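Asks: Keeping their order, the protein sequence lines are chains A and B. All residue numbers for the first sequence refer to our numbering, where the first residue is 1 and numbers rise by one. All residue numbers for the second sequence refer to our numbering, where the first residue is 1 and numbers rise by one.
These are computed hints drawn from the structure, not numbers from a lab. Here the structure is a predicted model, which is why all the values come from computation and not from measurement. One or more of the hints may lead you astray.
Claimed, not checked - A few chain A residues that face chain B, going by a derived Cβ cut-off under 8 angstroms, partial list only: (1) I61; (2) N69; (3) R76; (4) P79; (5) P119; (6) K197; (7) M255; (8) G258; (9) C286.
Glycine is no exception: its CB is placed at the ideal position from the N, C-alpha and C atoms.
This is what each chain is made of:
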Amino acid sequence: MIKSNPIKIIHPVRCDNLDLIKTIENTAVELMRLAVTRLPQDVKEALQRAYRREDSKIGRIVLKAILDNIELAEKRKSPLCQDTGLIIFYAKAGSNFGLSNDISKALTNAVKRATVEIPLRSNIVDPISRKNTGDNTGIGIPHINWECVAGDFLELTVLPKGAGSENMSALAMFKPTEGLNAIKKFVVDTVIHAGGKPCPPTIVGVGIGGSADISLALSKKALLRPINQPHREKKIAKLEQELLKAINASGIGPMGLGGRNTSLGVNIEYEYCHLASLPVGVDIQCWCARRATARIHKDGLVEMLTKKGDA
Amino acid sequence: MTAYKITTPISERDARKLRIGDIVYVSGTIVAMRDRAHQRALEYHKQGKPIPVKIKDAAIYHCGPLAKKKGGKWEVLAAGPTTSMRIEAFEAELIEKLGARMIIGKGGMGASTAKAMVKYGAVYCDFPGGAAVLAALAVKKIVDIKWRDLGLPDALWVLEVEDFGPLTVTIDSHGKNLRDQVMERALKKQTENLNA
Chain A
1 MIKSNPIKII HPVRCDNLDL IKTIENTAVE LMRLAVTRLP QDVKEALQRA
51 YRREDSKIGR IVLKAILDNI ELAEKRKSPL CQDTGLIIFY AKAGSNFGLS
101 NDISKALTNA VKRATVEIPL RSNIVDPISR KNTGDNTGIG IPHINWECVA
151 GDFLELTVLP KGAGSENMSA LAMFKPTEGL NAIKKFVVDT VIHAGGKPCP
201 PTIVGVGIGG SADISLALSK KALLRPINQP HREKKIAKLE QELLKAINAS
251 GIGPMGLGGR NTSLGVNIEY EYCHLASLPV GVDIQCWCAR RATARIHKDG
301 LVEMLTKKGD A
Chain B
1 MTAYKITTPI SERDARKLRI GDIVYVSGTI VAMRDRAHQR ALEYHKQGKP
51 IPVKIKDAAI YHCGPLAKKK GGKWEVLAAG PTTSMRIEAF EAELIEKLGA
101 RMIIGKGGMG ASTAKAMVKY GAVYCDFPGG AAVLAALAVK KIVDIKWRDL
151 GLPDALWVLE VEDFGPLTVT IDSHGKNLRD QVMERALKKQ TENLNA
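Turn these sequences into a full structure, and let the hints steer you where they fit.
Replies: Structure (structure tokens):
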């Protein structure tokens, strides 16, 4: 049932186009299109499983509507949700790939194009005047998280993040002596008190360690990992399962209307921290957990790493 | 748990018939408006300025649709609900002063809205969050888009719908709130687990 690694489909996107920057822009548009119209296979399977296991009547009605919606969006090539999110990119730039400043410009252009071509809802406003820019870009947006890696490729992931779930994010700065129990209670409390607002069944991203900002960045990065892939370290993987079990025992259920399925998965990422701190960040993702990844090689070849999911 | 098909405008009598857990499908006209359109409607009402749509006995939908212009006309592609709690500060007044009868959204609402619902006979229903294509397919026509200066998602959309649902009644006019019951059980269970 569970597919571990996404199938790699190697195909050039407009291979006649030798302009690498244009290829990056085109690929980013296609990634946004793929992300907002089709859910990743691991999320889709988890939702199907949730529907089979749900025993609350209203919970089943809600999950059925969600599954129908996924099918309709795929068929009609239409965005799954009207909130096509704030566009966040994760860019792994190979040391021999270059072009970093041009990449930023290409991604901004891609967001403007995607807004018209897919389309995306115009979601981005000035935080003070609240004036909508109309094209989903603005100061700092799209946000790009850079990571330098060895190689001659650029790996690009798009994470369109809806506000309903993002508004439920939380940060705690614990005393180190409060330890693991405080972390567990904080994560479960955050998810329970969010109730139906982040559109459960959710995926819960948890970031432990670093500093305040780092723990929150880790909690969002945790959402990039497929939920059928446990953390590489056994003790963390065990903690993920324990938290998931505690969250689902709450009975908050789909859309907070009661039931067994409050979350589909808990993903944890951690880094070391200062001896006097214990930062914990929580970033909740709605059931409509959109993400898509591609790798662009220096010669212009594009590998779509997110499978173009089959129904 | 009873299933109803309801046509707008909705009378107080119809609204009072509904109980938490009931499933409803709405046909007729719904008004999609988010926090800023609520804020403006109440400001205009206070200043005696006309509001471009009738709120009395209407179904208000917390939603900012995603639409595409096709041949000069807007077409709704995705129209799921937005988080209703952002509108909590305005909804009781919209029910009291302007007579809104059914509020549709997601995530639930707070005590002030629930109180107004008991007093004036209104209900809150959930549309499954994120099921936006399903919602868009129930929209038969965009009747009007007003207050576009707020930006399209925040504008006031008048939509003609057919069998819009499934809606779950989660706050009724009898003082019951389905989500509060779920939350109460969840917190009780958590306390038990922590004490175990």
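Asks: When the hints from earlier in the document are held up against this structure, which numbers fail?
Replies: Violated hints: none at all, because every hint is consistent with the structure.
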